[in-house]
Amino acid sequence: MTPRNVDYSVKVAFPRDRDAGVTQHEHSETEQGYDFRRIQDHWLPVWDERKPFSTSDPDDKRPRKYVLDMFPYPSGDLHMGHAEAYALGDVIARYWRLQGFNVLHPIGWDSFGLPAEGAAIKRGIDPREWTYDNIAQQRASMRRYATSFDWDRVIHTSDPEYYTWNQWLFLKLYEKGLAYRKASWVNWCPFDQTVLANEQVIDGRCERCDNLVVKKKLTQWYFKITDYADRLLDDLNQLEGKWPSKVIAMQRNWIGRSVGADVDFVIEGHDEKVTVFTTRPDTLFGATFMVVAPDSELAAQLAAGSTPEVQSAFGEYLAQVQKSTEIERQDTTRAKTGIPLGRYAINPVNGERIPVWTADYVLADYGHGAVMAVPAHDQRDLDFARTFGLPIRVVVDVTAPITGAIPVITPEMIENPDEVRDLASMDPAVTGEALAGDGRMINSGPLDGLSKQNAIRRVIELLEEAGTGRAAKTFRLRDWLISRQRYWGTPIPILHTEDGREIPVAESALPVALPPSQGLDLQPKGTSPLGAAEDWVNVTLPDGTPARRDPDTMDTFVDSSWYFLRFLSPNDATQAFDVREAEKWAPVDQYVGGVTHAILHLLYARFITKVLFDLGYVTFTEPFTALLNQGMVLMDGSAMSKSRGNLVRLSEQLDEFGVDAVRLTMAFAGPPEDDIDWADVSPAGSAKFLARAWRLADDVASEPGIAFGNGDAALRRQTHRLLADAPGLVESFKFNVVVARLMELVNVVRKTIDSGAGAADPAVREASETVAVLLSLFAPYTAEDMWAKLGHDSLVALQSLPKPDARLLVEESVTAIVQVDGKVRDRLEVSPTIDSDELEALARASEAVARSVGDREIVNVIVRAPKVVNIATKPAG
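Under full-length UniProt numbering, the final residue of the sequence shown carries the number 877; numbering is consecutive throughout.
Honestly, the hints are just simulated from the structure, not real lab data. Hints are supplied without guarantee of correctness; some may be wrong.
[Stated by the list, open to error] Straight line, CA to CA, 25 Å or less: simulated DSS-like cross-link-like pairs of lysine-lysine: (1) Lys51 to Lys122; (2) Lys51 to Lys215; (3) Lys215 to Lys525; (4) Lys323 to Lys216; (5) Lys176 to Lys215; (6) Lys242 to Lys734; (7) Lys273 to Lys182; (8) Lys246 to Lys273; (9) Lys584 to Lys182; (10) Lys51 to Lys224; (11) Lys217 to Lys323; (12) Lys216 to Lys172; (13) Lys323 to Lys172; (14) Lys122 to Lys525; (15) Lys525 to Lys216; (16) Lys242 to Lys525; (17) Lys584 to Lys217; (18) Lys642 to Lys246; (19) Lys176 to Lys122; (20) Lys51 to Lys642; (21) Lys751 to Lys823; (22) Lys215 to Lys336; (23) Lys216 to Lys61; (24) Lys584 to Lys172; (25) Lys61 to Lys688; (26) Lys584 to Lys273; (27) Lys323 to Lys182; (28) Lys473 to Lys182; (29) Lys473 to Lys452; (30) Lys584 to Lys122; (31) Lys182 to Lys172; (32) Lys61 to Lys823; (33) Lys642 to Lys688; (34) Lys224 to Lys182; (35) Lys323 to Lys336; (36) Lys122 to Lys172.
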């Protein structure tokens, strides 16, 4: 047979039908060697014309899989991180196609947001221009990178066709009471001049610009995610074993459910009861003072009703606190600060008057912004009490968890210094260490002698009987702040009247289109630029009442919270998504992206999915069934950056080594979740392997369709072992192992071909075709070219992964290693069913082993049939 050599000058027209054969290629009799540029230039237009990854055929009966990569932000061309993420996601999508699935693998752009606005301001251009130019560049690079996307399902979140449905979603949440507006202290970035959600503050700094964040009181829009806190926490159980355990732990910690009691305190001279949440209501008898957050409404009210001296001191203290970040305020190593408010609260369990203080270690948005301080059993309260000389009362005997109690120190006991010294060693006021362990209750009236859990149950009963408390729980999670004081985002579809009414925009009037930026000052100044767009912001209601549009835009995490559903019907102008398509495709079977989104994006997407479930739009409660987090691509051990001088440009790597070599390197570098140091890998080595694999197709001397049964048995066994192992390896994300096994198979095929008549062996064709099919997961250009050179008229991307022949998986022999004193002395080909006695006898009979043992005495033989024999010796005599 004459090998098929593709004529790269020929442009092929392909039929549209997925099952139709590919038009025959013309060939030349000469081959100029592996040239990745020529191969890429040939196959990219073929795929564009053929559309092998389209999912638009309504009659396609294949089972479905939805594979989704986290969509990119259009901030310039693709970089090395993109190269890794999309290479790995594409392996999964291509694998499921080989397994006979109709795979939805879409792409879009998360194209609203602050970076685009900042870049546009810096360049003096419209954010649209900067954004869509970058999208065009990234789209071209993605096509070049051969990612198997369905290019008929592209979305841009900055298109009105998309953000119309952001606004629709907002209105649905508003109708359900889940979108609301309130005045509160918020995270404020002085540099970007906009608010930030708690999740967007990293170590007290803005995640975008790295400047310190301050607190500012503003009226903002929120989504009531806390209504779903229990479900968001409990439903993580559905994802165990399917999401990385680290991500599940991060979500659980962020939601942070605490169970305890709400306790109502009366503050003298204050009309309303003050509710305090505590996880340890059993220690109520040990509460010796109360602390309220300085930035809470309660602190302001209590200070206002106190003396002028307290009011002045409070104002100064509040100003001081507002300069600190929440991270700093929660730092347990900081010296405690605070001031008394000149007021007293009444402890509801014993009627004791306890002083009320304000201190920065209490946060306004935790619980109710006030805590009962039990210094003997809480380290922060103890540090504060010791700093300001406040009472410390022990109410839990941690020294005697079953019986016994800490006695009260009496004057008579002074005569026994040793006993006093022992008691003092347990006193938090002396040691400075709170008694945090469990034990029996003391100094607690009706709770004395009870264990912690029994005391908690009993005190809650007492509180409920008295009407001064109840069982409760609270969460670390706070409502999602979605307002942004910037231009480049989704306008909030609410109108405001002069008398303070909020009027939702009618769904029929959507979208509330973003006006052109021309004439607007986009420079950050603390208020949204949209407020200055007078023709846009001023409207008249149907009854003639004047109103103003809400000038803020939505957090871009709203855009990405439901985008996976828009991909199901991206061109539908009548609805956000077709619920029938959601029934077919959703939820996402495999989600791929960086662990940096482990809290923010994933939590919000889970929340919106549950809201849509409650509204009847979807039938599932979790958006992403399985999750794969890829690591980072580093250079010389550090994140790439221009300032470090270690930036590696993806475009340059593609130009030098080719797309397939870069993709293969990403897959071969190690487990996907591990970081890749580009200095430690070899795209040049990957290119050499690809050339070696590609040349196999030229050397195969048998015709397509030949029966493989009479081929070389050893080569066939190796081929079928790979076919048997590959599914499990891919599905467990061991892509690097699959690549290594492919390299082994290529080497064996090459040896068989070079042995002489091996090129015509049917087993050589079978192995070479297997290489092409599996290589298409990692190196689609090379694999497609191999497939054509092997004489096939179809696309390798649409093949089925061959099934292994079980008969070829039974080993006829295995290699047993024989070691003498830890050194390999022989290798024996034996039956896989050989028993230990027979294997030991063969080992002892080996001439190599006999020479190694010589006149030494054999003292021990360990046999692990059928693979290993270890012989230990010592000098004779």
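> Which numbered hints does this structure break?
Replying inline: When the structure is compared with the hints, numbers 1, 2, 5, 8, 9, 10, 12, 13, 16, 17, 18, 19, 20, 21, 23, 25, 26, 30, 32, 33 and 36 turn out to be violated.
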